[in-house]
Structures are given as structure tokens and as C-alpha cells.
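Participant: As you go down the protein sequences, you meet chains A and B in turn. Per the working numbering, residue 76 is the first one in the first sequence, and the count goes up by one each step. Per the working numbering, residue 386 is the first one in the second sequence, and the count goes up by one each step.
What the hints contain is simulated information worked out from the structure, not anything from laboratory work. Heads up, a few of these hints could be off.
Said to hold, decoys possible - If you anchor each label on the Cβ, the simulated ranges turn out as follows: (1) A/191 with B/393: 45 to 51 Å; (2) B/393 with A/144: 24 to 30 Å; (3) A/86 with B/583: 23 to 29 Å; (4) B/393 with A/207: 21 to 27 Å; (5) A/194 with B/626: 54 to 60 Å; (6) B/395 with A/215: 24 to 30 Å; (7) B/571 with A/101: 36 to 42 Å.
Yeah, the Cβ is synthetic: ideal placement off N, Cα and C, and Gly gets one too.
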Amino acid sequence: MIELDQVTKIYKGEVLALYSVSCKISKGEFAFLVGPSGSGKSTFLKLLNRQETADQGSVWIAGKEVGALPRSSVPKLRRLVGCIFQDFKLLPNRTVFENVAFALEVTGRTRQQIRKQVPSLLELVGLSKKMHSFPHELSGGEQQRVSIARAFVNRPPILLADEPTGNLDSDTSNGIMRLLAEINKRGTTVVMATHDQHIVNAARRRVLRLDRGRLTADDAQGRYA
Amino acid sequence: MAIPLGYIFRETRGNLRWNVTLFAATIVAVWVSLTLFGSSLLIRQGVEQATGRWQGGIEFIVFMNADASEAQHAAIRGALDENPEIGGYDYVDQQGAFNEFITEFADRPELIENVTPEILPPSYRVKPTVGDADVIEALAAQFDTRPGVRQVTLPVEVIRTLQQNSQKVSVFVLVIAIVVLLAALMLIANTIRTAIFARRQDIEVMKLVGASNWYVRLPFMVEGTIQGLIGGALAIPMLFLMNNLMAGFVQEDYLELLRSLVVDSAVVWNTSLLVTGIGAAVGVLGSLFAVGRFLDV
């Protein structure tokens, strides 16, 4: 599903973000990406949805080389790869419903389809009652749920999560983790960057450890430390 | 993939609703800039029109011998009537020449005392239909050698100077118009860019959920077009106002010079349409370039 082959990324020719990283993540897997700040976790994720391109090596998603895709194919790739972020990145001027609907709209879904799919997704993330609220009226955990609903509404085979619990307290974080586990159970491959060791230790999933851009450990049922 | 009209409409409406002040600022920028640009164009057209009139007003004078026969006069008149490059002529007879002489030398009675109408040459004041100095010179030469003609005088130097000057004025005004247009383009593009900069995070999110560049661009382009059209449309009454103000000056006899710069309303309409079209184009291109900077996500 996801494959990195000898990937090196250097920002502006001098800041080494990733160095010769190779790994494979199979369909339906749940993998944590751990490491201190600046270890290359975000860069790893950004290479997967082509927010960045590798300077050396190649990145493969579902059999296609991401770096070699023409620009016009990038939107298609992004519909295969849902994303959630530490700062949620919701559109502030839109309601919860509209934020989720937008991801369907850009793929050309009809309004009828949107009216049908969005409420069921919001039910999955437990926000049916806040459909018409604006992001600023929601708690951090609720905003992250909206962002998960938006990332998952297209049923992407891959979900990338960049510190999704970074701004949340531990109870709320556990709720978000249950949601991600549920999504993973439905067949979506989840790659999550985090430095929340409690979460990693509790989940007992695959752990990829990055340190100063190098992949230093890859444990099938790993722990944070 | 086709982009649904409903989406464009809703997005554009959303942009307008959340960015009222920037939307208005862009319209004002377009309005002011296009008024200035349109005014420069109108002045240029006024100058060209005025040049045409001044040049059309230039005449050459065919002086006849005082004793020229009626047959010689008839031949000259015939030649003047037949020539398509001659718009008309006035005949000043000896008495008329004498009256002019008196007026001109009113302060020198000793000259007037020695002159009688009989010794002054009658003349034809000929108005060519063309303004080109070379053509007028050739035209005048045709009459120089005819029997009964004493002399043909023509203000070639005056015409040449006028032609050169009006060309200079016309080029000068055109340069100003282009500079104003460039300034307008930059002002408008900057305002649109500010509006889009305020929404760069939205654009980033749109791109990350898989929106194509056109999906992001189109609502902004529609917004830019609306702004350009409104700004251009607002410039139309300003152009008419300017033209009418000049017409008003003329009526009040303030500035004789402005008389020639007033153009008729058809010219103002044409300029207005051009200006509105430029407004729309500037709006589209301005937003296209401004969005482009933020699409690289």
C-alpha cells in the first residue's frame, strides 16, 4: 500500500529532514510514527500526499510513484489519502456539515449523495447534533472529530494523522484513538505521527521510530520508548 | 471533471459575504484606476479630434492679380469646385481686402491713406479637406501657375509644427494612459492578492482534501470578474461626468481650449465599454495570478 525506498529529503539544500528511509506499510495496517520534534515525522507524512517531494529515492502509494505523478493527478492522490492535523485545519466560515461536505463536493459528488453521506459520517464521529455549528463553537476534541469525518468521508484507503491528539487532553485523546481504531477496522490503513507515549504504549501497534531523519527502529507491536 | 455551477455560485457568495470590506476595496481600486485610464483615453481622443479640426481649419490663400479677368476668376473657381480635396472657399474681393487692411493697420493711418481698394489683390481663402502638410502643399502648387494668379501663400510651417505637436501630445497622453493602466493593474492585483492572502489557509485545506486547482480558482475568478465589472461600470458615469464638465466649461466660455477636447457621447460609450471590458479582464487575470501563488500546496 505504502512504500518508501531510500528516501532522502533535504529542505532548502541544508536542513536534513529524512535520510535514506525505506519501509513498507501494508493495506489495513495501523502504524505509529514516533520520534522527537524535528525527527522527520511530518516530512514523512507530507511525502505521502505530495505536499513535499523526495530529493532522492521514491515514494509509492497503491502502486504509483507519488513523486512522478503529474501535477494534475495530485488531487486524485489526495482523495486516496485522507489527512488530519494537530490544528484541525477546519474552514472557519463553514458549519460542521459544510466542512465535511466540502471534501465530497470537490470529488464531484451530487448534493443528494452529500446529503446522504455526511450525516452518517457525523454520526460515526458522534457529532450528529452539532451539524450546524461552526468550528469556533466546538471543543478541540469535537473539532478533531470533524476533521476526521472530513478525512474519512471519501472512504480513502489511507489516513494520515499528524499529531492528531497533540492539542487534546488524555480523555479526549482516547476518544480520538478509538475513532481511528474504528476507521482502521473498516479497512483503512492509518499512519499516525505522535509523541504521546501513553497512546502508543496502550495501542500495541507497529511503531516506526525516526531520529534526526533516520529510521532507527521498526517494531511490529512496539512501545514508545 | 465538470465543476458544478451551484458550487461556484455558493463559493463566490461566501467569499463576498466574508470579505465585504476587501471586496469593496477592490471595486474602489478598479473604479478609480479605470476612471483615470478612461479619462486619459478620452483626452487622447479629444486631442486627436481637436488636431483634426485645427488642421481642417488651415487654409491657403490664392491671391489673384488686381486686374485678373472674370474668365480667369471663373477658371479658378471651377478648379476649386472640382477638386475633391477642397472642402470650400471664401472669396474676398478688393473691398473686403481693403476692410481687412484697415482693421489690421488701424494704428498706422499713413499706410491706410496710401491704399485704395483698387490696388489690393482679391483672394480665395481655400479650405482643404485634408490636414496633411504635404498634400496641402501639392494642392496649393496646382494654383500657383494658373493665369491671373499672383501668388499662393500657405502656412506649411504652421501645419508641420501643429502636426508634430499634436502627435507629441497624443503620444504623451497615450503614455500617461498606459502608465495609469499599469498602475491600475498593480493596484487591483494587489487588492485581490490581499483578499486571497486572507484566505490562503482555506485554499490550503481545499487542496489537501483533493480539490483541483480549477476548483479553487474558479470562484475567485468569478469574484474578480464581478469586481472588475462593477468597478468598470462605476467608471462609466465618471467618464460622462468628466466630458460633461468640460462641455459645461465651454458653455461658460471659461476655457476655449477645452472646447475641442469634448467628445460626443458615442465616443464616451465606446471608451466606457472598453474600460469595463478591461475591468473584467483585470479582475479575472488579477485573481488568477493572485490565487496561483497559494495553489502550490
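Participant: Against which earlier hints does the structure fall short, listed by number upward?
Facilitator: 1, 7
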